[in-house]
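K.L.:
As given, the protein sequences belong to chains A and B, one line each in that order.
Counting with the working numbering, you get residues -8 to 394 for the letters of the first sequence.
Counting with the working numbering, you get residues 212 to 599 for the letters of the second sequence.
Keep in mind that the hints are not guaranteed to be accurate.
[Stated by the list, open to error] Computed spacing ranges between beta-carbons, pair by pair:
{"no.": "1", "chain 1": "B", "residue 1": "Asn561", "chain 2": "A", "residue 2": "Arg264", "range": "44 to 52 Å"}
{"no.": "2", "chain 1": "B", "residue 1": "Gln490", "chain 2": "A", "residue 2": "Ala13", "range": "49 to 57 Å"}
{"no.": "3", "chain 1": "B", "residue 1": "Gly552", "chain 2": "A", "residue 2": "Asn209", "range": "34 to 42 Å"}
{"no.": "4", "chain 1": "B", "residue 1": "Val485", "chain 2": "A", "residue 2": "Arg8", "range": "35 to 43 Å"}
{"no.": "5", "chain 1": "A", "residue 1": "Arg264", "chain 2": "B", "residue 2": "Gly341", "range": "23 to 31 Å"}
{"no.": "6", "chain 1": "A", "residue 1": "Arg264", "chain 2": "B", "residue 2": "Arg239", "range": "55 to 63 Å"}
{"no.": "7", "chain 1": "B", "residue 1": "Phe489", "chain 2": "A", "residue 2": "Ala298", "range": "34 to 42 Å"}
{"no.": "8", "chain 1": "A", "residue 1": "Trp346", "chain 2": "B", "residue 2": "Gly341", "range": "51 to 59 Å"}
{"no.": "9", "chain 1": "B", "residue 1": "Lys480", "chain 2": "A", "residue 2": "Arg8", "range": "26 to 34 Å"}
{"no.": "10", "chain 1": "B", "residue 1": "Gly341", "chain 2": "A", "residue 2": "Leu(-6)", "range": "30 to 38 Å"}
{"no.": "11", "chain 1": "A", "residue 1": "Gln320", "chain 2": "B", "residue 2": "Gln521", "range": "29 to 37 Å"}
{"no.": "12", "chain 1": "B", "residue 1": "Glu593", "chain 2": "A", "residue 2": "Gly263", "range": "17 to 25 Å"}
These are computed hints drawn from the structure, not numbers from a lab.
Note that the Cβ used here is the ideal one computed from N, Cα and C, for glycine as well.
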Amino acid sequence: MDLNYTAEEEAFRAEVRAFLAAELPADIRSKVRLGRRIHKDDFVRWQKILYRRGWGAGMWPRRYGGADWSVVEQHIFDEEGAAAGAPPQIAFALRMVAPVLMSFGTAAQQNYFLPRIISGEHWWCQGYSEPGSGSDLASLRTSAVRAGAHYRVNGQKTWNTLGQYADWIFCLVRTSSDARPQQGISFLLIDMKSPGITLRPIITIDGEHEINDIFFDNVQVPVENLVGEEDKGWTYAKFLLAHERTNNAGIGHCQRALKRLKEIATRQSENGRPLIEDSRFRDRIAELELDLMALEITNLRVLAAVASDSRAPGPEVSLLKIKGSEIIQQLAELQMHALGHDALPYLREALEVDWVPPPWLADHYGAFAPPLTGQYFNYRKTTIYAGSTEIQKNIISKLILGL
Amino acid sequence: MDFRLTEEQLALQETLRRFIARDYDFERRRSLARSPLGYSAQAWAQYAELGLLGLPYPEEFGGLGGSGVDVMAVMELVGQGLLLEPYLSTVVLCGGLLRDAAARALKEALLPQIAAGKLKLALAAYEAAGRYELAHVAATAVRDAQGKGWRLSGRKSVVLDAPSADYFLLSARSSGRQTDAEGISLFLVRGDAPGLTLQAYPTQSGGRAADLDLQDVPVDADAVIGAPERALPIIERAVDQGIAALCAEALGIVTALNEATLNYLKTRKQFGTVIGSFQALQHRMADMFIAAEQTRSMAIIAATEAAGDQPAARRRAISGAKAYIGRAARFVGQQAVQLHGAMGVVDELNVGHYFKRLTMIDMTFGDAEHHLARFSDALRVEALGAAP
Chain A
-8 MDLNYTAEEE AFRAEVRAFL AAELPADIRS KVRLGRRIHK DDFVRWQKIL YRRGWGAGMW
52 PRRYGGADWS VVEQHIFDEE GAAAGAPPQI AFALRMVAPV LMSFGTAAQQ NYFLPRIISG
112 EHWWCQGYSE PGSGSDLASL RTSAVRAGAH YRVNGQKTWN TLGQYADWIF CLVRTSSDAR
172 PQQGISFLLI DMKSPGITLR PIITIDGEHE INDIFFDNVQ VPVENLVGEE DKGWTYAKFL
232 LAHERTNNAG IGHCQRALKR LKEIATRQSE NGRPLIEDSR FRDRIAELEL DLMALEITNL
292 RVLAAVASDS RAPGPEVSLL KIKGSEIIQQ LAELQMHALG HDALPYLREA LEVDWVPPPW
352 LADHYGAFAP PLTGQYFNYR KTTIYAGSTE IQKNIISKLI LGL
Chain B
212 MDFRLTEEQL ALQETLRRFI ARDYDFERRR SLARSPLGYS AQAWAQYAEL GLLGLPYPEE
272 FGGLGGSGVD VMAVMELVGQ GLLLEPYLST VVLCGGLLRD AAARALKEAL LPQIAAGKLK
332 LALAAYEAAG RYELAHVAAT AVRDAQGKGW RLSGRKSVVL DAPSADYFLL SARSSGRQTD
392 AEGISLFLVR GDAPGLTLQA YPTQSGGRAA DLDLQDVPVD ADAVIGAPER ALPIIERAVD
452 QGIAALCAEA LGIVTALNEA TLNYLKTRKQ FGTVIGSFQA LQHRMADMFI AAEQTRSMAI
512 IAATEAAGDQ PAARRRAISG AKAYIGRAAR FVGQQAVQLH GAMGVVDELN VGHYFKRLTM
572 IDMTFGDAEH HLARFSDALR VEALGAAP
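Assemble the whole structure, with the sequences as input and the hints as a guide.
P.N.:
Here is the structure:
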């Protein structure tokens, strides 16, 4: 039993920390720390900086431009990045479609797409869910019919994240409806500029535009954009999930939110005393911190096992998803509660980093309050997306417990 | 980073597992709990042969030089087997205290005896009015007429494993007010000392304990362990190590309960099918699985931090683990009973006994709420950057 990082890992952490201190642009850092709106340009600018350092996709193999990071190194990078206020990298491209292309794509697909992903040139989004296919994804109905050198795609995808920024979308489409639902699905790469694609913003309860409906009306997709074999897309989708879930716990993100919560509870006052002096409120923070303490070690136990057995993470990541998503929700909830009645104002303009509050508001409200309530509403998504808590429990009971 | 137990630790656990299967099955355990002694003297001798009783002591004192994680490995099996022997009191709490604080001569005299299974001790540190506060010491220590030894008077409550103890390590105050941190000394007191009376009883989870009454109990000057009037830090550190051991014991029980419950879900049939096919029960079981994994993580934190000599960092880890495990184990214990239906509340089934032991572990050395408050107070100090 050894809870310590190796000397090499500690050196790597120091290197990451120094890099972040020197290279993370101050304006981006400030937006992330204050919970202000982050725009496409911020994500892309940061991706390009990472790319120049050789860390555009640290977990990727070197032959694709990656740095061959171990899961532990990736964890250190994520943790330090979150602590420093770096925006997350776009998982749809780096952690989802890219590993699928590496394992199942053609040489031409790899050579064209992977360099453009790692450099930040292409933004990718995901076309999985449909109005009638949420947790029961295999029932999806968006169709792709082969017609000569093209597929003709018709249907609707929904809950698409940040498709308004995207150059490409990877889609699960139905190419056959003869057999079991899982067997007639294919994995297609579609250019978002293709004629026939319409994007309709879905405004979420925080008032923000993060997700979309995407309609496909006779969209022509060249057959060379099929990944792997026709009708085998479900296999690739499951493979993708295993990669998506390597950062399931979001430990770094939770740690930053906990630190922020303590800062807020120290600054907010109640009857002239810091709110954190109120033991009823403080105990709720303490309970969350304990949950996070346990999850940190559970997460490291999973990473260490994955690293020592050289395998993809198994169904135990469902535990990390369940706990990590619940903890970040509760942290957001307490941050909002720390505001008291200052949770009520809804000032959309205050989410922009250049918003200047009136001086007499700046001190307590302007400094940190505006994004917190919206974030609470927004984070209700975390226990729903990427396999809801209930689906994760089904996975645990089937694959781990054998029920 | 490596979270695996070593080959030696796994072998030790395997030995204990075989011992439990062969010599300590549930029926045997029930009859031992009802016997006058309350545990197996034979098992105690076997632990000595296996080296378990000297596990956490340096080799020069007859021990194996084991770590907190070694103790964790053993205590996990103590939990799984619901073992009744006074391992926690003698080996972890009192032996640990002697190892960390006693004068060399005393260590040479006592630790090899403990390791050989010839000596048992119990820690008498809590008093009724103090609840879980170790600094609350109303028992008094007064210099005797010659000015050499001491006379001890007062009461100690719920002294675990007291009836079988050859010696007590007992806290008493020679100065200050009842709740002062200073003024407390720790004394080595013979179990048959004149003026010492025990009110002995079984505990809810099958062990033995007693309340102690002391009236002018004479002890020698060299019976003081550690610095006179400065004993609180060493007592707290020993209890923290005891808490880490209890966390590991709870982990063993949670693991055993989940195994038993899962097995029940797969075999018990109602409505023409196994009840484990019902999603409400599957999700409950998934929650119990998660609680067990999180419990293991917290028990690891406790085992690796318990020996730390930075009191603030140690307290954060230990109170954090005890609070978390107290609640997680409460959940698993209650749900294991619930999912077993009426079988869960039957004395003949081990599930109810696991549940009772888990419950009493929570009530020992501070329950979840007590330790959450301690953790929370530390959080306040950290956030405000000032002393309370």
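K.L.:
Hints first: check each against the structure and report whether it holds.
P.N.:
Evaluated hints:
no., hint, in the structure
1, B/Asn561 x A/Arg264: 44 to 52 Å, "holds, 51 Å"
2, B/Gln490 x A/Ala13: 49 to 57 Å, "holds, 52 Å"
3, B/Gly552 x A/Asn209: 34 to 42 Å, "violated, 59 Å"
4, B/Val485 x A/Arg8: 35 to 43 Å, "violated, 52 Å"
5, A/Arg264 x B/Gly341: 23 to 31 Å, "holds, 29 Å"
6, A/Arg264 x B/Arg239: 55 to 63 Å, "holds, 58 Å"
7, B/Phe489 x A/Ala298: 34 to 42 Å, "holds, 37 Å"
8, A/Trp346 x B/Gly341: 51 to 59 Å, "holds, 54 Å"
9, B/Lys480 x A/Arg8: 26 to 34 Å, "violated, 58 Å"
10, B/Gly341 x A/Leu(-6): 30 to 38 Å, "holds, 34 Å"
11, A/Gln320 x B/Gln521: 29 to 37 Å, "holds, 33 Å"
12, B/Glu593 x A/Gly263: 17 to 25 Å, "holds, 22 Å"
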